[in-house]
Amino acid sequence: MFKFALGRLLQAVPVLLVVITMTFMLVHSAPGGPFSADKAVPAEVLEALEAQYNLNQPLWQQYFSYLGDVVQGDMGPSFKYPGRSVNELILSGLGTTAELGLYAMLVAIFIGIIAGVTASMRPNTIQDYVPMTAAMIGICMPSFLLGPLLVLVFGIHLEWLPVSGWDQIPGDKVLPAITLGTGYAAYIARLSRGGMLEVLSQDYIRTARAKGLSEFLIIGKHALRGGLIPVVAFLGPAFAGLLGGSFVVETIFQIPGLGRFYVQAAFNRDYTMILGTTVFFATLIILFNLLSDMLAIWINPKLRQQVRGNA
Amino acid sequence: MLSIPEPQRTNEFNNMTSLLDVKNLKVHFHTRNGRVKAVDDVSFSVNAGETLAIVGESGSGKSVTCYSLLDLLPKPPAKIEGGTAMFDGEDLLTCSSERMRHFRGNDIAMIFQDPMTSLNPNLTIGEQLIEPLIYHPDKARRQSRNIAKCRAIELLKEVGILDAERRFKSYPHEFSGGMRQRVMIAMALINEPRLLICDEPTTALDVTIQAQILELIKKLQKSRNVAVIFISHDLGVVAGIADKILVMCNGLAMETGNADKIFYNTEDDYTKRLLNAIPEGAKTMVNRAQDKSLVEVSNLRTWFKDYSGSKVSIVKAVENASLTIKRGEILGLVGESGSGKSTLGRSILQLAPTTEGTVTFDGTQLTGMSNSQMVPWRRRMQMIFQDPYASLNPRMTVFETLAEPLLYHGLANKNNITEQVQSLMDDVGLARAQMRKYPHEFSGGQRQRIAIGRAIATKPELIIADEPVSALDVTIQAQILDLILDLVERHNLTMMFISHDLSVVRYISDRVLVMHHGILIEQGDTESLWANPKEPYTQNLLAAIPLADPVSERARMARI
Amino acid sequence: MIPNDTHIQSDKGTSLWEDAWIKLRKNRLALIGLSLLIFLCIMSLLTPWIAPYGYEEQDLLMGATPPSAQHWLGTDIFGRDMLTRIMWGGRVSLMVGFIATAVALAIGVIYGAVAGYVGGRVDAAMMRLVDILYALPFMIFIILLMVVFGRNLLLLFFAIGAVEWLTMARIVRGQVMSLRKQEFVEAAHSLGLSQWIIIRRHIIPNTLGPVIVYTTLTIPSVMLLEAFLSFLGLGIQPPQSSWGLLINYGVETMEEYPWLLIFPGIALSLTLFALNFLGDGLRDALDPRTSKD
Numbered sequence: 345m346f347k348f349a350l351g352r353l354l355q356a357v358p359v360l361l362v363v364i365t366m367t368f369m370l371v372h373s374a375p376g377g378p379f380s381a382d383k384a385v386p387a388e389v390l391e392a393l394e395a396q397y398n399l400n401q402p403l404w405q406q407y408f409s410y411l412g413d414v415v416q417g418d419m420g421p422s423f424k425y426p427g428r429s430v431n432e433l434i435l436s437g438l439g440t441t442a443e444l445g446l447y448a449m450l451v452a453i454f455i456g457i458i459a460g461v462t463a464s465m466r467p468n469t470i471q472d473y474v475p476m477t478a479a480m481i482g483i484c485m486p487s488f489l490l491g492p493l494l495v496l497v498f499g500i501h502l503e504w505l506p507v508s509g510w511d512q513i514p515g516d517k518v519l520p521a522i523t524l525g526t527g528y529a530a531y532i533a534r535l536s537r538g539g540m541l542e543v544l545s546q547d548y549i550r551t552a553r554a555k556g557l558s559e560f561l562i563i564g565k566h567a568l569r570g571g572l573i574p575v576v577a578f579l580g581p582a583f584a585g586l587l588g589g590s591f592v593v594e595t596i597f598q599i600p601g602l603g604r605f606y607v608q609a610a611f612n613r614d615y616t617m618i619l620g621t622t623v624f625f626a627t628l629i630i631l632f633n634l635l636s637d638m639l640a641i642w643i644n645p646k647l648r649q650q651v652r653g654n655a
Numbered sequence: 002m003l004s005i006p007e008p009q010r011t012n013e014f015n016n017m018t019s020l021l022d023v024k025n026l027k028v029h030f031h032t033r034n035g036r037v038k039a040v041d042d043v044s045f046s047v048n049a050g051e052t053l054a055i056v057g058e059s060g061s062g063k064s065v066t067c068y069s070l071l072d073l074l075p076k077p078p079a080k081i082e083g084g085t086a087m088f089d090g091e092d093l094l095t096c097s098s099e100r101m102r103h104f105r106g107n108d109i110a111m112i113f114q115d116p117m118t119s120l121n122p123n124l125t126i127g128e129q130l131i132e133p134l135i136y137h138p139d140k141a142r143r144q145s146r147n148i149a150k151c152r153a154i155e156l157l158k159e160v161g162i163l164d165a166e167r168r169f170k171s172y173p174h175e176f177s178g179g180m181r182q183r184v185m186i187a188m189a190l191i192n193e194p195r196l197l198i199c200d201e202p203t204t205a206l207d208v209t210i211q212a213q214i215l216e217l218i219k220k221l222q223k224s225r226n227v228a229v230i231f232i233s234h235d236l237g238v239v240a241g242i243a244d245k246i247l248v249m250c251n252g253l254a255m256e257t258g259n260a261d262k263i264f265y266n267t268e269d270d271y272t273k274r275l276l277n278a279i280p281e282g283a284k285t286m287v288n289r290a291q292d293k294s295l296v297e298v299s300n301l302r303t304w305f306k307d308y309s310g311s312k313v314s315i316v317k318a319v320e321n322a323s324l325t326i327k328r329g330e331i332l333g334l335v336g337e338s339g340s341g342k343s344t345l346g347r348s349i350l351q352l353a354p355t356t357e358g359t360v361t362f363d364g365t366q367l368t369g370m371s372n373s374q375m376v377p378w379r380r381r382m383q384m385i386f387q388d389p390y391a392s393l394n395p396r397m398t399v400f401e402t403l404a405e406p407l408l409y410h411g412l413a414n415k416n417n418i419t420e421q422v423q424s425l426m427d428d429v430g431l432a433r434a435q436m437r438k439y440p441h442e443f444s445g446g447q448r449q450r451i452a453i454g455r456a457i458a459t460k461p462e463l464i465i466a467d468e469p470v471s472a473l474d475v476t477i478q479a480q481i482l483d484l485i486l487d488l489v490e491r492h493n494l495t496m497m498f499i500s501h502d503l504s505v506v507r508y509i510s511d512r513v514l515v516m517h518h519g520i521l522i523e524q525g526d527t528e529s530l531w532a533n534p535k536e537p538y539t540q541n542l543l544a545a546i547p548l549a550d551p552v553s554e555r556a557r558m559a560r561i
Numbered sequence: 085m086i087p088n089d090t091h092i093q094s095d096k097g098t099s100l101w102e103d104a105w106i107k108l109r110k111n112r113l114a115l116i117g118l119s120l121l122i123f124l125c126i127m128s129l130l131t132p133w134i135a136p137y138g139y140e141e142q143d144l145l146m147g148a149t150p151p152s153a154q155h156w157l158g159t160d161i162f163g164r165d166m167l168t169r170i171m172w173g174g175r176v177s178l179m180v181g182f183i184a185t186a187v188a189l190a191i192g193v194i195y196g197a198v199a200g201y202v203g204g205r206v207d208a209a210m211m212r213l214v215d216i217l218y219a220l221p222f223m224i225f226i227i228l229l230m231v232v233f234g235r236n237l238l239l240l241f242f243a244i245g246a247v248e249w250l251t252m253a254r255i256v257r258g259q260v261m262s263l264r265k266q267e268f269v270e271a272a273h274s275l276g277l278s279q280w281i282i283i284r285r286h287i288i289p290n291t292l293g294p295v296i297v298y299t300t301l302t303i304p305s306v307m308l309l310e311a312f313l314s315f316l317g318l319g320i321q322p323p324q325s326s327w328g329l330l331i332n333y334g335v336e337t338m339e340e341y342p343w344l345l346i347f348p349g350i351a352l353s354l355t356l357f358a359l360n361f362l363g364d365g366l367r368d369a370l371d372p373r374t375s376k377d
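Chains A, B and C, in that order, give the protein sequences.
Under the working numbering, the first residue of the first sequence carries the number 345, and numbering increases by one thereafter.
Under the working numbering, the first residue of the second sequence carries the number 2, and numbering increases by one thereafter.
Under the working numbering, the first residue of the third sequence carries the number 85, and numbering increases by one thereafter.
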């Protein structure tokens, strides 16, 4: 397993290189420099600024010096927040976003799996229709619509929960986590229902039943493992999706997280910040894809042995 | 269709108190196309230590009957409409689901058809073996893991698993099909049931493995005095082990009686048809082989790269095969699964890429030809495939399927295509009115007729038939075999007939090749090979054929 | 190539397509979805002629009024009719949905079919590329593209299409791979049929089902992506409008004028419902496993 992980990490290096190169080229081919928006900057000041950030060097030189810095873990200084480095900014937002993501993931996995498994136990009955209708609503109600609606109902109308902020008033984490997690809960519910139905129709479930096992054991011990394989495979993409969703949720609830920094950086043409966050996100996504793949292998004994035999 | 007699309600074996007594069982399926009477008023009984075989073709309701006893049918669509099943004084059909759990796996255990899919791939076989013990619904009889493990290992040894301690921790995919079925048997016996239901336990296995599993079941039954219900589509398989037999067709019990009566003295028309359909004895038609050879294969090798494992491995599907097929003969090719017989057939037709060696057809070398060079030759050689469900394009009508080769090879034009297709349909025994129908609207036997029609459409000289009847019921199988023999004669065909079923091969072939692990190990005229097999493998293979003859089968069982 | 007229009487068979249509007709939710979708498409096509008010027409006396007889869905803060704006916005949203899906479909089907049919090393290399692209943070790239090159509708089609084709390619490739091993394709080879005929008559008709299903399910996910970007202010640019953008405006004033959020939200959600139900229905209807009995 260790060798497999190492191999996958090594494969990730060229992917990351492509990401850095593409982002770098994209950002630098943008019309208008980072300081062109600031009105009436005197020519000499602009020159000084560009010199300070090495923007006066040829592009390839900028590229390689940036690459060198990134390898050492240095994302460079921010253009828009003078005196602060990109590393600092990312670190300051990371904790918040990670916490939000974790809660959302928990909401998604728990609600999703419970709803999906419940539905699969009695297909085409009310026990199936209710959670699956809810899941369909969850899929058709994107976070940028669900969030404001939740705020409108629970924040403004009922005044049960705070409408914005993070870690300031108790309960202000509930709505963001639900907003971000619901869509994924809905997907996971559908995936786990499908996976469970597939497994429950297998011959070995009939064998387990013929052995006199209780329904609880049949579902929990024999079916769940195979039935959740589609969910495990979805975790990697779900993580990437959660990152994207955090942009919206952090904007709606005014949460000082990475996503909001990123959107702001994009608007501000904060080159180094965009580059830095993109590289950081890409690394995270690759890492989580690897984790979800490893989990999928660990669940399946045949794959597990193949990987072991390979290593 | 069939004249269906009143099901027998009297039970000849009522002098003893039966372990299981099923009376007037009715199971219906409520589907979107209406109600299907899967089991209609079926009665039977089983005594302790006795073996009842339930025999019938697909759709006869034999499996549904047994599944309904343990409440294993999906409900809906299935619904038990009536009847009783008294087991030890309790009705299995009306007991609570809690009570049913006490029967399942404890008093009544079950073995299923496909050992590949009936074990959970995610759990070790040890874990699956001990489950009935450690989760016993009766708390007093529940065992600790350690005791259960000892018991399981003991049983694994008894069913013939070597190195049982180590294998206890293995996963199902690490076992072969026959070994998995042994594990299934051990699992069924772990709580010492009084009734063992075997649902086609040997159908998915090779013939030599089948013989071993049958012996094992018989041996275990004797040592434990357990009653057995043995479900099979094959009368030959049950001949040696059944004490009495229930014959079913379309949900009805056609006949019940002791094995000798059913095999030697049946009065029932359907049972007679079943017995007559079993291919037995030598080919009755003349050998039309000419001296001229049509196909010559020399030192043929077909190797594949296998990407499925962790490393790319080479599969030597065919090794150094040399053979000739004479014009007009029917050459049988037998072998067990994985022997490379299908690949050899495809290699001759240049459908599988050959690695080395040559194939010559009518004096011209085919190996090394490009696809376009092959086109005129393709017309002269055709193939019939095993699975009539997979070998027809589901989106083309019979007409389109049959017209395609005719038009492509210029054997018909737009004006006469309809007539040509119709005469093809007549040839293979399909009603002309069904020309506009799609494959899913036909039964398996009819589909195979369509596939045969496609193969003979181009008026080929050579046909390679790859297990053309093994997916069919035995009565349908007999019809298709007769159709094939008839067509071979009428159209002067040369045929290579590939099958795992030795009785079928003997019934149809003039000459036989035996293949084992990619190598042709023996060949000869069918009857002389049967009379005098030289290779030990061939001897084993022939000895393992189950015969529809209880006396000789019992004698064989007794020898072991 | 095959003439269809015959002069004999014969029982007409039911093709798998007809069979699927029969099954789909029995699925009430899918039918509702289909009807709704057709209705929305007609509305969008006819918007310039049937919209009750002009797109930029302001009713200065009725700024931000709730639904009324004059303005069925109310007006925004500039006094513009919401129904009109939702209809125009729907045109853009649906157009993005259909065109970007078409882009994904074209790339994905061709790429997947080639990989699946050629197989071997070519397939391995092509799918490796798809795997690598899958690992890229595409959402971020799209945002970057929109920031760098401005909010251009064409670019949006291209960018979204470039993301969505990956899954389509995988599905088509898997389907073609499994078809290639089917016995009826082997039978076609043994008849000596040319590659092109085999592809056209035996492979393509049998891949169509999953492609149709996935296409139906791609449209809503594309529309969602567009709405998402527009919501962040990175998608459609005013004066053009889309449902995502309308929702964005609605959120700003939702405390005072909730209908500005709710109606575009309902429009988007309903469309997504319709497409998803139709997609699910098609999947069930076209599933070969349900048509064998």
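Please keep in mind that the hints were generated in silico from the structure rather than gathered at the bench.
For glycine and all other residues, C-beta sits at the position ideal for the given N, C-alpha and C.
Check each hint, because a few of them may be wrong.
Some chain C residues well away from chain A (every beta-carbon gap over 10 Å; in silico) [what the hints assert, rightly or not]:
(1) K110
(2) N111
(3) A190
(4) Y218
(5) F225
(6) P294
(7) P304
(8) L308
(9) G317
(10) N332
(11) G334
(12) M338
(13) L345
(14) L352
(15) S353
(16) L354
Incomplete in silico selection of chain C near chain B, CB under 8 Å [claimed, not checked]:
(17) K96
(18) V202
(19) N236
Results for each hint:
At roughly 13 Å from the closest C-beta of chain A, the C-beta of K110/C stays outside 10 Å, upholding its exclusion from the interface. Its beta-carbon lying about 12 Å from the closest one in chain A, N111/C satisfies the requirement of being farther than 10 Å from that chain. Annotated as non-interface, A190/C keeps its C-beta farther than 10 Å from every C-beta of chain A; the closest such distance is 23 Å. Against chain A, the non-interface label of Y218/C is violated: not every CB pair exceeds 10 Å, the least being about 8 Å.
Look at F225/C: its CB is around 7 Å from the nearest CB on chain A, not clear of 10 Å, so calling it non-interface is violated. Every CB of chain A lies more than 10 Å from the CB of P294/C, the least distance being 15 Å, so the non-interface label holds. With a closest Cβ-Cβ approach of about 8 Å to chain A, P304/C is found to fall inside the 10 Å limit, against its non-interface label. Under the 10 Å C-beta cut-off, the non-interface status given to L308/C relative to chain A is violated; the minimum distance is some 5 Å.
For G317/C, the requirement that its beta carbon stay farther than 10 Å from each beta carbon of chain A is not met, with the minimum near 8 Å. At the 10 Å boundary, the C-beta of N332/C falls inside the reach of chain A, the nearest C-beta of that chain being 8 Å off. Not every C-beta of chain A lies more than 10 Å from that of G334/C, the closest at about 7 Å, which undercuts listing it as non-interface. With a cut of 10 Å on Cβ distances, M338/C falls inside the contact zone with chain A, its closest approach being about 6 Å.
With a minimum CB-CB distance of about 6 Å to chain A, L345/C fails to clear the 10 Å threshold, and the non-interface call is violated. The Cβ of L352/C does not lie farther than 10 Å from every Cβ of chain A; its closest approach is about 7 Å, which violates its non-interface assignment. Consistency note on S353/C: stated as away from chain A, yet its beta-carbon is not over 10 Å from all of that chain's, at 5 Å minimum. With a closest Cβ-Cβ approach of about 8 Å to chain A, L354/C is found to fall inside the 10 Å limit, against its non-interface label.
Among the interface hints, the one on K96/C holds; its C-beta lies about 5 Å from the nearest C-beta in chain B, closer than the 8 Å criterion. Given hint, V202/C at the interface with chain B, is violated; its Cβ is 14 Å from that chain's nearest Cβ, farther than 8 Å. For N236/C, the suggested interface contact is broken, since its CB lies about 42 Å from the closest CB of chain B, more than 8 Å.
Of the numbered hints listed earlier, those contradicted by the structure are 4, 5, 7, 8, 9, 10, 11, 12, 13, 14, 15, 16, 18 and 19.
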